[in-house]
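If you want the building blocks of each chain, they are given just below.
There are 4 protein chains.
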Amino acid sequence: MLKDNKFITRTEIKVRFSEVDSMGIVWHGHYIKFFEDGREAFGREHNLGYLNIYENGYFAPVVKVDCNFKRYIRYGETVIVESEYVNTQAAKIVFRFKIFNKKNDELVAEGGSMQVFTTPDGELVLNNPPFYEEWKKQRGLLEG
Amino acid sequence: MLKDNKFITRTEIKVRFSEVDSMGIVWHGHYIKFFEDGREAFGREHNLGYLNIYENGYFAPVVKVDCNFKRYIRYGETVIVESEYVNTQAAKIVFRFKIFNKKNDELVAEGGSMQVFTTPDGELVLNNPPFYEEWKKQRGLLEG
Amino acid sequence: MLKDNKFITRTEIKVRFSEVDSMGIVWHGHYIKFFEDGREAFGREHNLGYLNIYENGYFAPVVKVDCNFKRYIRYGETVIVESEYVNTQAAKIVFRFKIFNKKNDELVAEGGSMQVFTTPDGELVLNNPPFYEEWKKQRGLLEG
Amino acid sequence: MLKDNKFITRTEIKVRFSEVDSMGIVWHGHYIKFFEDGREAFGREHNLGYLNIYENGYFAPVVKVDCNFKRYIRYGETVIVESEYVNTQAAKIVFRFKIFNKKNDELVAEGGSMQVFTTPDGELVLNNPPFYEEWKKQRGLLEG
Numbered sequence: 001m002l003k004d005n006k007f008i009t010r011t012e013i014k015v016r017f018s019e020v021d022s023m024g025i026v027w028h029g030h031y032i033k034f035f036e037d038g039r040e041a042f043g044r045e046h047n048l049g050y051l052n053i054y055e056n057g058y059f060a061p062v063v064k065v066d067c068n069f070k071r072y073i074r075y076g077e078t079v080i081v082e083s084e085y086v087n088t089q090a091a092k093i094v095f096r097f098k099i100f101n102k103k104n105d106e107l108v109a110e111g112g113s114m115q116v117f118t119t120p121d122g123e124l125v126l127n128n129p130p131f132y133e134e135w136k137k138q139r140g141l142l143e144g
Numbered sequence: 001m002l003k004d005n006k007f008i009t010r011t012e013i014k015v016r017f018s019e020v021d022s023m024g025i026v027w028h029g030h031y032i033k034f035f036e037d038g039r040e041a042f043g044r045e046h047n048l049g050y051l052n053i054y055e056n057g058y059f060a061p062v063v064k065v066d067c068n069f070k071r072y073i074r075y076g077e078t079v080i081v082e083s084e085y086v087n088t089q090a091a092k093i094v095f096r097f098k099i100f101n102k103k104n105d106e107l108v109a110e111g112g113s114m115q116v117f118t119t120p121d122g123e124l125v126l127n128n129p130p131f132y133e134e135w136k137k138q139r140g141l142l143e144g
Numbered sequence: 001m002l003k004d005n006k007f008i009t010r011t012e013i014k015v016r017f018s019e020v021d022s023m024g025i026v027w028h029g030h031y032i033k034f035f036e037d038g039r040e041a042f043g044r045e046h047n048l049g050y051l052n053i054y055e056n057g058y059f060a061p062v063v064k065v066d067c068n069f070k071r072y073i074r075y076g077e078t079v080i081v082e083s084e085y086v087n088t089q090a091a092k093i094v095f096r097f098k099i100f101n102k103k104n105d106e107l108v109a110e111g112g113s114m115q116v117f118t119t120p121d122g123e124l125v126l127n128n129p130p131f132y133e134e135w136k137k138q139r140g141l142l143e144g
Numbered sequence: 001m002l003k004d005n006k007f008i009t010r011t012e013i014k015v016r017f018s019e020v021d022s023m024g025i026v027w028h029g030h031y032i033k034f035f036e037d038g039r040e041a042f043g044r045e046h047n048l049g050y051l052n053i054y055e056n057g058y059f060a061p062v063v064k065v066d067c068n069f070k071r072y073i074r075y076g077e078t079v080i081v082e083s084e085y086v087n088t089q090a091a092k093i094v095f096r097f098k099i100f101n102k103k104n105d106e107l108v109a110e111g112g113s114m115q116v117f118t119t120p121d122g123e124l125v126l127n128n129p130p131f132y133e134e135w136k137k138q139r140g141l142l143e144g
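Chains as they are written, first to last, in this note's numbering: chain A, 1 to 144; chain B, 1 to 144; chain C, 1 to 144; chain D, 1 to 144.
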C-alpha cells in the first residue's frame, strides 16, 4: 500500500508467555523483536527482507533503534505492528513502527529503526547498492 | 563514583553464543538487555535497582529506549557497559549507556533509557516517590 | 481432534531472524519456546492454557523437558509444532511434541514436557485439581 | 579438575530481569542457555568451546537436551552451573549439568546435553575428529 511515497505493512504477533516479565507485562526489550518482525513482514511483501538483501550481496545491519512505550501488553494479547517505510536519499533503510493492541486498537508503542548497507565482510557501503536503487525506482521513490 | 552530579557504574558482560546472529555478530536487540544489565548493576551499587524500587512500593517501567550501534561484537568477546545516571527534576530515572569492547576499549554502542514510577497497579506517579526524593537528597542531587 | 485418548493440536511458527545463530540455524534452546507455543496453542483450543489454569487458581510449572534435534531450521522457514496431550493418572500435564519443517514436512525435532500443579504460592498439588478432573471427565480421559 | 575420568567446571550466572516470567521465576527455557554457559565455561577451561571446535574445522551442534526442574530461581539470585564432561567412546560430546542456587547451594535443576560433530557444511562426522582424539588422549580419556 503506497501513501504519499510511503509504504505501510501491518503484521500480527501473538505474545509469548516467555516474553512477559515479572510485572506481568511484555518485557520492553522484546519490542525490538516486534519491530524486526514488522520490518521483515514488510520485506516479504516488498522484496526488501534480510534474505532479499543478502541474495543481492549485501547485509543491512541496524545502526539505530528507538522506542517509546505507552501502554502495557499482557500475556494472551496480540499486537499489530504497523511498519512504515520512510523514503530517504541517503544509502539507508528507515522505518517507523507503531504497535497496537489488537483487542482495542490502542497505541502501545512507537519507534523506528535505521539500517545501512555493508558488504558481507562488514564494509560500509556509502551509496545505494544497485539493487536498492532499482527497488526504489520501481516504486517511484527516486527524486527526479 | 560521582562526577559533576553524575554517577557512573561499569559492568562486564560476556557475550552468549545464543546472542549472536547469522551474520556472526551480537543481534542488535540484545543491547537493550545489556543496558538493563548496566542499569541494574548501577542499582545494586546505589540501591536503585528494580528490587529496591519494588520494596519501596513502586515499579519503574522503561518508557523510552534508544541505541546507536557503531561496531560489531562477536562471540567470545566481552562488553563493558558504562551506565551513567543523569539527574533530572522530573519524576523519572534517566540513564545514558556506553558499551565498549573489552579487548580494545572501542565504543560499540551508545544509548539511553528513561523510566517512570508507577504504583504496583500500574498507575503513573507524577511526583518523585518519597524514597527517591530521599535517595537523591542523600546524594546531593536535589536542587537547592 | 481425539485419537485413542490422545489430543493433537498443530500450530505454525515463523522463525525469527533473532532466533538463528551464527551457524545459520535456529539456536537449539529456542525449540523449548516452540514447545511452549505448541502447548499453549493446544491450551487455547482445549481450555488448558496457562491463563485457564491460572483462572482456576493454579500454576502449572514445567518440571521436565527433553528434546532431540534431528534437522536444521533456517531463517525464512516455518515450523509446524504438533502437540500431543498424553493422558496420565498422575496429577500432571504431559505433552509430546513433534516439530516439522513446513516446506517439506520433514521431522526437525521431537521431545516432551511435563507440568505439575502448584498453588499460586508455589506449593505442589498432589492430586488433580477439581477443574482438571472435570476437564478430563468431559473428554473421556478418566479411567473407569 | 579430573575425577574418575570426569571433568567438572563450575560457573556463576546472575539471573537477568528479562529471564524471569510472570510467576516471578526464571522461565524454564532459559536453563538451556545456562547449560550452554556451563558447557562453554568448560570449553574455555579445557579448549573444547565452540570456537576451539570451529578453529579445528568442525561444528558441534547440540542433538539432545533434557532438564529436570526442581526448585525456582528468582530475580536477584545467582546460579552456579556445574558442568560435568562425560566420557564416551562415540564421536560425541556429552555433558551432565547441575544448577545450584548460590545463596543456599540447593539443587535447582539438572540435565544434560549431547553434541555431535559436523563439517561446516553440516555433514555428520561419524568418527572422532583428529583434534578431539588428541584432546582425549592428552587427558587420558582414550580406552586401551
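Quick caveat, the hints were computed from the structure, so don't treat them as lab data.
Treat the hints loosely; a few may be bogus.
[What the hints assert, rightly or not] Within a straight-line C-alpha distance of at most 25 Å, the following computed DSS-like cross-link-like pairs (lysine-lysine) qualify:
1. Lys64/A / Lys103/B
2. Lys33/C / Lys92/C
3. Lys70/C / Lys33/D
[As the list claims (entries may be wrong)] Residues on chain A that point at chain D, a partial pick, calculated with CB under 7 Å:
4. Ser18
5. Ser22
6. Tyr54
7. Gly57
8. Gly76
The structure displayed is predicted, hence computed values, not measured ones.
A virtual CB, placed ideally from N, CA and C, is assigned to each residue, including glycine.
Status of each hint after checking the structure:
Restraint check for Lys64/A and Lys103/B: the C-alpha separation of about 24 Å stays at or below 25 Å, so the hint holds. With a CA separation close to 20 Å, the supplied pair Lys33/C and Lys92/C stays within the 25 Å bound. Pair hint Lys70/C plus Lys33/D holds up; C-alpha atoms about 19 Å apart against a cutoff of 25 Å. The beta carbon of Ser18/A comes within 5 Å of a beta carbon in chain D, closer than 7 Å, and the hint placing it at the interface holds.
At a threshold of 7 Å, the smallest CB-CB gap from Ser22/A to chain D is about 5 Å, leaving the interface hint in force. Here the hint on Tyr54/A is broken, as its CB sits about 18 Å from the closest CB of chain D, past 7 Å. A cut of 7 Å between beta carbons decides the hint on Gly57/A: the least distance to chain D is about 21 Å, and the hint is violated. Checking Gly76/A against chain D: minimum C-beta separation of about 11 Å lies over 7 Å; hint violated.
Checked against the numbered hints above, the structure breaks hints 6, 7 and 8 and satisfies the rest.
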